[in-house]
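K.L.:
Sequence:
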Amino acid sequence: MAHPKRKISKTRRDKRRTHYKLSEKAIAICPTTDTPHLFHHAYVVDGDLFHKGKLAIKNYTANAQ
145 MAHPKRKISK TRRDKRRTHY KLSEKAIAIC PTTDTPHLFH HAYVVDGDLF
195 HKGKLAIKNY TANAQ
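Everything in the sequence shown is counted per the working numbering, starting at 145 for the first residue and increasing by one.
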């Protein structure tokens, strides 16, 4: 197994890890319902399922598994 020749300090280790960050997810606003949702995702408004601004399923209920 490979072993480091010198100890890496906590500061040096943490400097390397500064770039591991989460980016914000883009949020879209539906033109028909004015509801914020994630891009490329269906969303429920008042019991109806919408996708791309169009009604996909009326009286939608999530299937519990």
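Errors might be hidden in some of the hints.
What the hints assert, rightly or not - Here are the in silico distance ranges between beta carbons for each label pair: (1) Thr155 - Leu182: 36 to 46 Å; (2) Ile201 - Glu168: 23 to 33 Å; (3) Met145 - Ile201: 47 to 57 Å; (4) Lys196 - Thr162: 37 to 47 Å.
The hints are simulated quantities; they were obtained by calculation from the structure and are not laboratory data. None of the values given here were measured: they were computed from a predicted structure. C-beta atoms are modelled at their ideal positions from N, C-alpha and C, and glycine is treated no differently.
K.L.:
Confirm or reject each hint.
P.N.:
Status of each hint after checking the structure:
no., hint, result
1, Thr155 - Leu182: 36 to 46 Å, "holds, 37 Å"
2, Ile201 - Glu168: 23 to 33 Å, "holds, 29 Å"
3, Met145 - Ile201: 47 to 57 Å, "holds, 55 Å"
4, Lys196 - Thr162: 37 to 47 Å, "holds, 38 Å"
No hint from the list above goes unmet by this structure.
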